Amino acid sequence: MDKSVASLEAVVADIADGAVVMIAGFGGSGIPVELIHALVARYRATGHPGGLTVVNNNAGTGSVGIAAMLDAGMVAKVICSFPRSSQPQAFQRRYEAGEVELELVPQGTLAERIRAGGAGIPAFYTATGVGTELAEGKPLEEFEGRMYLRERWLKADVALVKGELGDAHGNLTYRLAARNFAPIMAMAAGCTIAQVSRLVKPGEIAPEQVVTPGIFVARLVEVPEPAQEEVLVRAGEAF
Amino acid sequence: MEKLSSAGIAWRAAQDIADGAYVNLGIGFPEMVAQFQPPGRHVTYHSENGILGMGPAPEEGAEDWDVINAGKKAVTLNPGASIFHHADSFAMVRGGHIDLAVLGAYEVAENGDLANWRIGNKGTPAVGGAMDMVTGARRVAVVTEHVTKTGAPKLVERCANPLTGVGCVARVYTSLAVVDVVDGRFVLREKLPSVTFEAIQAVTGAQLHQAGPVGALVVPEGL
Chain L
3 MDKSVASLEA VVADIADGAV VMIAGFGGSG IPVELIHALV ARYRATGHPG GLTVVNNNAG
63 TGSVGIAAML DAGMVAKVIC SFPRSSQPQA FQRRYEAGEV ELELVPQGTL AERIRAGGAG
123 IPAFYTATGV GTELAEGKPL EEFEGRMYLR ERWLKADVAL VKGELGDAHG NLTYRLAARN
183 FAPIMAMAAG CTIAQVSRLV KPGEIAPEQV VTPGIFVARL VEVPEPAQEE VLVRAGEAF
Chain S
19 MEKLSSAGIA WRAAQDIADG AYVNLGIGFP EMVAQFQPPG RHVTYHSENG ILGMGPAPEE
79 GAEDWDVINA GKKAVTLNPG ASIFHHADSF AMVRGGHIDL AVLGAYEVAE NGDLANWRIG
139 NKGTPAVGGA MDMVTGARRV AVVTEHVTKT GAPKLVERCA NPLTGVGCVA RVYTSLAVVD
199 VVDGRFVLRE KLPSVTFEAI QAVTGAQLHQ AGPVGALVVP EGL
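Line by line, the protein sequences are chains L and S. For the first sequence, my numbering assigns the number 3 to the initial residue and increments by one for each residue that follows. For the second sequence, my numbering assigns the number 19 to the initial residue and increments by one for each residue that follows.
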């Protein structure tokens, strides 16, 4: 078994128009910058894939990563908890122009919806949001004297994640807190694509050190010394 | 009227955090509470993005942008820290494992309702983890100025802004007082010695009640 793919271009080549794309990361940490930019480059060259739904905690910052996707015009909808950032102009502009739809989800509910999607659980109950405007349209039920509301699973066609080590089986580790959404997004997508800083031989990652087991990963590509989005934004870089 | 600085409010809130507590501090002003942790107490700080055992900011130039807090600021990891994915992080919150959450507020109502994520319906809505935190943490405290920049009360009968959570706030640390929410009423626990009960009532948008003695809200000089 070898899930490794030689190039960034090849690894994102079949992502379709209208796909739901989960993108791991929180702020700049864990954002798979090179995978995103490969997708933006493909859109600029071919006009595809467009009309994407992007799932991330945020909605991009500066002019790189998800913000570059928004600037390119390939995003129809964003599902996130916090669409504000230090440099939110890319999202703001599209949102205020009515060109991008926003589905706002409390952060813990977003994480649990993604986990539920990956675990085959269509809905669950949470107290988060009860009595607020984000409860609108959600069925309520009382458990042990407290009100909870029903939330649905969230699944994706594709997940893009950034690992540190990866092997040909798709086993992944993550660097520090860059882990954030990656393990659950990898579970919730039909096709999970990982960029890893170092592709190693099977067995080089000790089995008990594997964070995402390879069953959740379809393809991976080695990107040595990957960019860190926060560093790019602070340097004023644009893609 | 004399009032506490932000540091003074944060210092007072920190004095109530017990040894061994697992605590989440909201982004912005509440983060300051960690600076005033009393010596001899071990407190473990949780960050929503997946850290337990978060330490202070690193020196400038030593930032690792894969070690950040919920406000995306660079932090450090204390000995014994752990890192986990986002669903586990919010299982800690939703599952009642976080002892205390300290948040900021636009308004707190006498029934414990909190509004802190959006003013009216202006701008781009952004909620983050606040709704999860106020329903999941075992205890929710608020640190805030007693009134808004224009002098309007922040402690009110009913919140006018969109709610973050219903009946969730246990204690409010303000620039004038420490106020508990008890059975749908504000109960004054401490106040600045130089400010009268009547003066605080005059800048509070709901009835303040007394239940037992009102302590002196005194913070160290220089804060």
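Don't read these hints as lab results, they were simulated from the structure. Remember, it's a predicted structure, so these values are computed and weren't measured experimentally. Even glycine gets a Cβ: it sits at the ideal position worked out from N, Cα and C. Any given hint could turn out to be false.
[Unchecked claim] Ranges between beta-carbon positions, derived for each pair: (1) 239(S) to 75(L): 56 to 62 Å; (2) 176(S) to 145(L): 39 to 45 Å; (3) 240(L) to 98(S): 39 to 45 Å; (4) 96(S) to 206(L): 28 to 34 Å; (5) 121(L) to 227(S): 44 to 50 Å; (6) 77(S) to 123(L): 41 to 47 Å; (7) 143(S) to 47(L): 31 to 37 Å; (8) 121(L) to 215(S): 52 to 58 Å; (9) 96(S) to 147(L): 36 to 42 Å; (10) 121(L) to 74(S): 46 to 52 Å; (11) 142(L) to 114(S): 18 to 24 Å; (12) 170(L) to 176(S): 45 to 51 Å; (13) 211(S) to 121(L): 52 to 58 Å.
- Message: Going through the numbered hints above, which ones does this structure break? Give me the numbers in ascending order.
- Response: 2, 10, 12
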